[in-house]
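**Student:** Place chain B on chain A using the hints.
Same order as they appear, the protein sequences are chains A and B.
Oh and the first sequence: position 70 is 70 in my numbering, straight run, nothing missing.
Residues are numbered in my numbering as their position in the second sequence, beginning at 1, plus a constant of 141.
There could be a bad hint or two in this list.
[Unchecked claim] Restricting the straight-line Cα-Cα distance to at most 30 Å, the calculated cross-link-like pairs of lysine-lysine (DSS-like) are:
#	chain 1	residue 1	chain 2	residue 2
1	B	Lys153	B	Lys263
2	B	Lys195	A	Lys60
3	B	Lys201	A	Lys122
4	B	Lys201	B	Lys263
5	A	Lys122	B	Lys185
6	B	Lys263	A	Lys122
7	A	Lys122	B	Lys174
8	B	Lys153	A	Lys44
9	B	Lys272	B	Lys174
10	A	Lys60	A	Lys33
11	A	Lys122	A	Lys12
12	A	Lys33	B	Lys174
13	B	Lys174	B	Lys158
14	A	Lys131	A	Lys12
15	A	Lys33	B	Lys153
16	A	Lys44	B	Lys263
17	B	Lys201	B	Lys174
18	B	Lys201	A	Lys60
19	A	Lys60	B	Lys153
20	A	Lys12	A	Lys44
21	A	Lys54	A	Lys33
22	B	Lys185	A	Lys60
23	A	Lys131	A	Lys60
[As the list claims (entries may be wrong)] Anything over 10 Å on all C-beta distances counts as not near chain A; from chain B, calculated:
#	residue
24	His149
25	Arg175
26	Ala197
27	Asp232
28	Ala242
29	Leu278
If you're looking for bench data, these hints aren't it; they were derived computationally from the structure.
Virtual Cβ for every residue (Gly too), placed ideally from N, Cα, C.
Protein chains: 2
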Amino acid sequence: MAAKDLYHDTVKAALLKDGWNITDDPFTLEAGKRDLFVDFGAEKLLIAQRDNQKIAVEVKSFISASPVHDLEQALGQYLLYEDLLTRSHPDRMLYLAVRDAVYNSFFQEEIVQIVLESRGLKLLIFDETQKEIIQWLPSPT
Amino acid sequence: MAAKDLYHDTVKAALLKDGWNITDDPFTLEAGKRDLFVDFGAEKLLIAQRDNQKIAVEVKSFISASPVHDLEQALGQYLLYEDLLTRSHPDRMLYLAVRDAVYNSFFQEEIVQIVLESRGLKLLIFDETQKEIIQWLPSPT
Chain A
1 MAAKDLYHDT VKAALLKDGW NITDDPFTLE AGKRDLFVDF GAEKLLIAQR DNQKIAVEVK
61 SFISASPVHD LEQALGQYLL YEDLLTRSHP DRMLYLAVRD AVYNSFFQEE IVQIVLESRG
121 LKLLIFDETQ KEIIQWLPSP T
Chain B
142 MAAKDLYHDT VKAALLKDGW NITDDPFTLE AGKRDLFVDF GAEKLLIAQR DNQKIAVEVK
202 SFISASPVHD LEQALGQYLL YEDLLTRSHP DRMLYLAVRD AVYNSFFQEE IVQIVLESRG
262 LKLLIFDETQ KEIIQWLPSP T
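Excised from the complex, chain A in its bound form:
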């Protein structure tokens, strides 16, 4: 299994352990004639619900040789999804899920801190070994 898909499943397991219901019903972000899950440039979002809380989660592995390239891709995808969600599903909070190993190293660098603060990304930090959620930044409402 590709590492990319592995982390997707890890986050799914962590959400289930945290009491979330993964809604696997088709969830399509559309914009005009584009269906983002048909365009194979897009990674599938994890959609989850717990009581009245609704979230969408973009899982980013950060396993390429260039963390800055990964950051740009994650940032662009997050902000595009955020724009589309705001229009079609304004009650659903969007999170970027990253491993604790990435959060505790690369994400502490100035370049990441600047852009996270400037663009207001919400983070979900997970433990890839225990398959557990470690931290929400900020907590879902």
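**Tutor:** Showing chain B alone in chain A's frame:
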């Protein structure tokens, strides 16, 4: 020559024809210990000046099989550069350069229009055959 580098040189030629001076002096965007031109995930910015006008140009080719993937990458890179420029070179306007063929097709789609308006990207449209600038959106000040 790779198409990616080809467009970089095309935009450079178009800027020269438009009276800009390409300042090839080292222009380094730094953030903490990251030098974006050492990290090979980053594309080199074109830096130009005309009288008192100063610009930085990110050239994006949009030649991959997935235009949405290219859009995400271009968007993430633009917004990251914008954040860094705002801190270190607040007098320099950042532009995303795209071919007229891309601007007149993919960029007219709703998904692109939404994100361009939402995130305030500035565009430089160029004619790849004539190697000329067709339009600034908006004009540099």
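**Student:** Decide, hint by hint, whether the structure agrees.
**Tutor:** Hints versus structure:
Taking the CA atoms of Lys153(B) and Lys263(B), the gap is near 17 Å; set against the 30 Å cutoff, the hint holds. Straight-line distance between C-alpha atoms of Lys195(B) and Lys60(A) comes to about 35 Å, which puts the hinted pair past the 30 Å bound. Restraint check: the Cα-Cα separation between Lys201(B) and Lys122(A) comes to about 27 Å, which is no more than 30 Å; the hinted pair holds. Taken as a hint, the Lys201(B) and Lys263(B) pair is honoured in the structure, with Cα atoms around 13 Å apart against an allowance of 30 Å.
Note on Lys122(A) and Lys185(B): the hinted pairing holds, with a Cα-Cα distance of about 29 Å set against a maximum of 30 Å. This hinted pair checks out: Lys263(B) and Lys122(A) have alpha carbons roughly 26 Å apart, not beyond 30 Å. Among the hinted pairs, Lys122(A) with Lys174(B) is consistent with the structure: their alpha-carbon atoms are about 24 Å apart, no more than 30 Å. Taken as a hint, the Lys153(B) and Lys44(A) pair is broken in the structure, with Cα atoms around 37 Å apart against an allowance of 30 Å.
At most 30 Å may separate the alpha-carbon atoms for a hinted pair to count; Lys272(B) and Lys174(B) exceed this at roughly 37 Å. With a CA separation close to 26 Å, the supplied pair Lys60(A) and Lys33(A) stays within the 30 Å bound. Our distance criterion of 30 Å between C-alpha atoms is met by Lys122(A) and Lys12(A), whose separation comes to about 17 Å. The suggested pairing of Lys33(A) with Lys174(B) is violated, with an alpha-carbon distance near 42 Å, which exceeds 30 Å.
Taking the CA atoms of Lys174(B) and Lys158(B), the gap is about 37 Å. The hint is violated against a cut of 30 Å. For a cut-off of 30 Å, the pair hint linking Lys131(A) to Lys12(A) stands: about 9 Å separates their Cα positions. The suggested pairing of Lys33(A) with Lys153(B) is violated, with an alpha-carbon distance near 34 Å, which exceeds 30 Å. With a C-alpha separation of about 29 Å, the suggested pair Lys44(A) and Lys263(B) falls inside the 30 Å cut-off, and the hint holds.
Proximity of Lys201(B) to Lys174(B) is assessed by CA-CA distance (about 26 Å); at most 30 Å being required, the pair is judged to hold. Our distance criterion of 30 Å between C-alpha atoms is met by Lys201(B) and Lys60(A), whose separation comes to about 23 Å. Distance check on the hinted pair: Lys60(A) and Lys153(B) sit about 34 Å apart at the alpha-carbon level, beyond 30 Å; violated. Proximity of Lys12(A) to Lys44(A) is assessed by CA-CA distance (about 12 Å); at most 30 Å being required, the pair is judged to hold.
Proposed proximity of Lys54(A) and Lys33(A) is supported: the alpha carbons are some 26 Å apart, at most 30 Å. Taking the CA atoms of Lys185(B) and Lys60(A), the gap is about 24 Å. The hint holds against a cut of 30 Å. Pair hint Lys131(A) plus Lys60(A) holds up; C-alpha atoms about 15 Å apart against a cutoff of 30 Å. Chain A leaves His149(B) outside its interface by the beta-carbon criterion, the shortest separation being 17 Å against a cut-off of 10 Å.
Consistency note on Arg175(B): stated as away from chain A, yet its beta-carbon is not over 10 Å from all of that chain's, at 5 Å minimum. Its beta-carbon lying about 16 Å from the closest one in chain A, Ala197(B) satisfies the requirement of being farther than 10 Å from that chain. Distance to chain A confirms Asp232(B) as a non-interface residue, since its nearest Cβ pair spans about 19 Å, more than 10 Å. A cut-off of 10 Å between C-beta atoms confirms that Ala242(B) is not in contact with chain A; the least separation is 18 Å.
Consistency note on Leu278(B): stated as away from chain A, and its beta-carbon is indeed over 10 Å from all of that chain's, at 19 Å minimum.
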